[in-house]
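Engineer: Work from the hints to combine the two standalone chains into their complex.
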Amino acid sequence: MIAEIGHFTLILALVVATIQMIVPMWGAHTRDARLMTMGDNAAVAQFVLLSVSFLALMHAFVTSDFSVINVAENSHSEKPLIYRMSGVWGNHEGSMLLWVLILGLFGAAVSIFGRNLPTTLKANVLGVQAAIGVAFLLFILLTSNPFARIDPAPFEGQGLNPILQDPALAFHPPFLYAGYVGFSMAFSFAIAALIEGRIDAAWARWVRPWTLAAWMCLTIGIAMGSWWAYYELGWGGWWFWDPVENASFMPWLAGTALLHSALVMEKRDALKVWTILLAILTFSLSLMGAFLVRSGVLTSVHAFAVDPDRGIVILSIMMFFTGGGLALFAWRAGALRQGGLFAPISREGSLVFNNVLLSVSCATVLVGTLYPLALEGITGEKISVGPPFFNMTFVPLMLPLLFAMPFGPLLAWKRGDARAVAQRLAFAAGLAVLFTIAVAAMSGPGPWLAPLCGALGLFVIFGAITDLLTRARFGDVSRGEFLRRVGNLPRSAYGAALAHAGIGVMVLGIVGTSAYRTEKIIALKPGERAEVAGYELLFKGIVPSKGPNYSEQIATFEVSRNAALVTTLLPSKRLYNAPPQPTTEAGIYAAWTGDLYIALGDQQPSGAVAMRLYFHPLVRLIWIGAVIMFIGGMISLTDRRLRVGAPQRARSRPSVVPAE
Amino acid sequence: MTRKQRRGVLIGSGVAILSLASLLVMFAFRESIVFFHTPSDVVEKKIESGQRFRLGGLVADGSVKRGQGTTVQFAVTDTLANVNVSYTGILPDLFREGQGVVTEGKLGPDGLFVADMVLAKHDENYMPPEVAKALEEKGVKLGSSAHPDSAPGNGPATRP
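As you go down the protein sequences, you meet chains Y and W in turn.
Residue numbers in the first sequence follow the working numbering, run continuously in steps of one, and reach 660 at the last position.
Residue numbers in the second sequence follow the working numbering, run continuously in steps of one, and reach 820 at the last position.
Next comes chain W alone, as it looks inside the complex (with noise of 0.2 Å):
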């Protein structure tokens, strides 16, 4: 093989693996990608029931009620809207009312939002990003004023 046919091997080995990935990358993302929804999201645009989605808010108060076994329903808020979760599993432990979550799961056909999986920083003043700006552009006031001495987050999370 001379030089030149030696390279065009090399290129193009590289050249197909490239593109073999860039074809499973956009497949991948047709497939797997998860949209971040607020409750007043989910009323207003009117999500369809079957779509997988990540529901993110606050844990409304008064809401969490713990059935048998280990089914646990609770409702998101943004303070404009509630959306009502109910999840199977054990629940972060900094999961409480009126903290951040985020929840990933597929909207049923009574409303009821059935989260497989529950997300909350493991950090007492965390709200996740998500839902902090999303509060925010709802033009929900954030009662970070309850911790003036809150110490910065830095810590990893518990899931679910």
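Pulled out of the complex, with its shape left as it was, chain Y reads as follows (with noise of 0.2 Å):
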């Protein structure tokens, strides 16, 4: 019965969506104010219905309905709830609900907190956003219903596949999602603006609060799944260059290059139409990743049920939008009034370099992603574009940008001063080289890059601190003076700070763990030893144990480091019991320096087992600096200019410089 409200209310949600769809925006075309205002109510209403639904299918799948199709083929019983739980959206069908659930969050968020929107503006936000609705909610309707029955029930479901029973996992896609849909308000203000043929710096002072919670939650999703990839799939890798993680990846990179841009926008009235692009560009290449993940077309290993059916359609709704957005824009672009001359040294012409890098890095990602789909269609040759090819493409690119990246916020608006900034980073840079120069020199030799690219992740971190010292006047002020500045710094500041500290704490690790790991594959007896980056490790044993839902042999070795105890490791290889697979738990000794790891393989007819022994020097500074990110995010969110639902300019500003 309750699924079959969840079913309801979702066809309910649709007929709400469709009617958002048409009245707001027929209202805003007639200036009839009683129409917008429908929209407003429809917005909140979509939401609420949609709400119901969700939580009549998570009912399903906490009761362990198995009448319920899809909860019988992805769920079980025996699972613990909170994998009952995150089942809901560990499936095709379940994930798109969850997907129109935040789109009609962010549809009734704008109605709520956008009471100060020209109404004609937000009546055709509202409609583009339950456009995307419709679309997405006739997708799910007509394909892939999550409510279907099944007569008769079967006693017991299939279970969820037990790699993905875990937490990172299970947060996983829904941060992802926030951040993929997020999007599609840059989207909808895009295409609003458009159909209006005006856009001005309330517009860009609107869009970016969304696209910054959209890039927060994305920059935490990804780091989510990488984090998980690394102790789960138990080889110690936290990025692969797979199809699916491409398809998150390009969003981010364009989400990063719109969150610049839009500040151009706000703060100088410059690049307009290439905000717009931006925007419209960064919504198609979400939809794009939830087409390369649900269709089959791409070799993936991570993709969901292949059904071609099911990616036609969405290959469809991708083509309306994407196509749709652009023919609107190729349109309508030209009457977009063009402003603020700026020289190409200054802080707009450093975003503008930073979008370059950013958008052509993510055509280079976007190329390796999709090149071996069209040569297979137009030779039938089948390839594979592995890590090789972006790590000689991708990272050339973001060489120069890190480089760039503390020069940007320390130039003036309009006209910079490059030597006087350049002089203001030189301490910075000296400090960068300096402990790169004493580290390879502990370190040994390594590839040459590595150094290089360590060297410009501090420079990153410390220029993110000169930057906040130079707006606080450091050395120019008494320091009373300093203090009573560094307080009174806009929260935006210290948010973009920290989130480019984040790249140079992040880029650390990636060097770190790339450059320097140990990796030693071998097979050891109980009672025999092995070394792995000055750890001594002894193999005690295998004993068997049971868990909830699966049976496990598990691992000992005690670890110890010049004759000293350091902690016992426990490794297991897991047979679980629905469906019956087996998963490698990996052993991991989180220390400063960075973790040692340990993954099992396979037991040998003479008693020995086979295993991975890693070192991984600062893997864990990646995640660290993801976090970081989205604190450096948070923070900015909660800045008072740029806070959802007050778009009014900032009054007199703090007499800081360069001001921000």
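What the hints contain is simulated information worked out from the structure, not anything from laboratory work.
All residues carry an ideal CB built from backbone N, CA and C; glycine is no exception.
Possibly wrong hints are sitting among the right ones.
[Claimed, not checked] Listed next, the stretches of chain Y that the computed footprint assigns to chain W, with coverage defined by at least 3 CB atoms under 8 Å from CB atoms of chain W:
id	region
1	103 to 115
2	392 to 398
3	411 to 424
4	518 to 531
5	578 to 588
6	605 to 614
Structural biologist: This is the structure:
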């Protein structure tokens, strides 16, 4: 019964979304205020209906109602509660429902927080947002109904893939979708602006917090996926340039560019056309991600169930919104008044540089991801494009970006003084180089690129600190005055500096683990020892054990360093009951300098166990960096001027140079 | 600088970066693309030894031999031809005889494929799409009826 309520509210949500798509836009066209306000109520109603529907599906999963096909195929009564709940989005149908729920949430947020948006703009935004909702609701109801029943109901469900039964992965999809779908706001605002043929700084002030929120969620979502792959897949990698990973990374790159170009538009009224185009492209890339993951066109190890029919529908949705958006752009973009002159060396110039590099690197990722598909379509040859391709194209493009990153925030708007900024950054650069030389001398010979990238990472971190110190006039004013200024810096300045520093921290982690990793593959018998990166491991043996829905073989290792016991690691191999599937649980010891990582392989007839031993230096900094970026975004969001629903221009600014 | 010159600088640097990126992409493609072949392709096309490629098919029944240490030998088959593979390392959890598998490495002069990477999707009913398609093209009937109630694969994979 509850499943039917879910299905029914989903249909109702479609009806409401259809009304929301047509009525407010018609109202905006005819300047009828009553029709326009209807969009507000519809958006809230749609969200409420979608929530009921989502809760109904969750109820079916939590109570293990196996008469619902989706639950029977993807859940199991023995599963712990949290994984019965996360099972809702661990499958195609349920994850689509989560997708439209988040879409509805953003729509409702516009209607609730957008009181002081121009009414016609708001009506058009809600209309476009609803159009996306209609497309996906139709898709769910026609091709992937999560509430379909099965008769007779099976006695037990088939269970969730065991490697998805993991806390990081339980929350990875919601964040990822909040990111993907969050970019729909930028898209809706861009389309609304094109429909109106008018766009100004207030528009950018409106779009920026939404884009920032989406970007934060996407950042943390991608980081969670990477973290999960690191410890759950059992071979210690954190990023594989897999097509599905790329599908989430491309919107991130485009979204990052959008955040920065919207800044130029807000402060300087320039780059309007480009910002609109980026907003359209970013959401298009999100849609493409959905298509790639769900259609099975790409050979990926992460993809959802392969169903070409669904793929075609998503492809049509993507073509409609991307093609429609770009067509509208081509038709109307000429009408947007350009403004804001600036010299190449200026804050704007640096942000343009950022945008060019980010979008070009995004394009190289796109080429690498789609090329195998195109080649197979044209010549029938099957190829794979792996990490070497991306390392050769993406990394060289990121290096100048990292180098330029500390310069950007220090340059003045309109016309900057490169030499003065270089002087300010000299200390940061010198410090970075010194650190790097010291570390390189200690760690011995390695690849030449690694110390360079490490120095860039440090430069970015020190540059971010320099930026804050400069804004507070460190050295120019008395200590009391300096402290006062530090306290008065706008939160967006702190947010931006933190986010930049987060990138630097992440770069350090990437360099550490990519260039200085130790890896050993050996077979050990109980009682034998091995040595990795200065750690001595004693393999004590394997004992069987039982978990709530799996049985496992736990190996015991005593880890010591310089003859002192450090820790005991317990890596294991699990066999889940439903579906019956083995998984590898790595044993990880996190030291300050890096992770000691043990993953078990097969037992051999001789009694020895094959295993992989790693030492990953600094690897945790990758995810810590992502968390720092997330926190930076949060702090920025609490800035008075960025606050959602407060798009008035800031009154007088503190006389900080350069003004943010 | 006039407006025109400024625009020129912007467009010029944009074009410069874009062409640099295109060069990188073309270079990287030449260097790093890996072709996919089935065992019968390997026999028919006479692939030279030393060339890196991906070999996909089913792990032949009864072919897995675990040697000393961590080296494993097995045969990859598309039922028309077999290629012997040697791999040193930890196999994915779901590596099993009769399962679809993709390996990457080089063919030795003796016809032994030395793999440094073995991929198997982390799902028991999974068949790598290239393998499924390649086998289909060879007219091999897949035993999908063995799992009439199989759940669709929706999980990530393990790698070596």
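Engineer: It remains to establish, for every hint, whether it holds in the given structure.
Structural biologist: Hint by hint, here is what the structure shows:
1. 103 to 115: violated (count 0)
2. 392 to 398: holds (count 4)
3. 411 to 424: violated (count 0)
4. 518 to 531: The restraint on the region 518 to 531 of chain Y holds, since 3 of its residues have a Cβ under 8 Å from chain W and three suffice.
5. 578 to 588: This one holds; 6 residues, not fewer than the three required, reach chain W with a Cβ under 8 Å.
6. 605 to 614: The restraint on the region 605 to 614 of chain Y holds, since 4 of its residues have a Cβ under 8 Å from chain W and three suffice.
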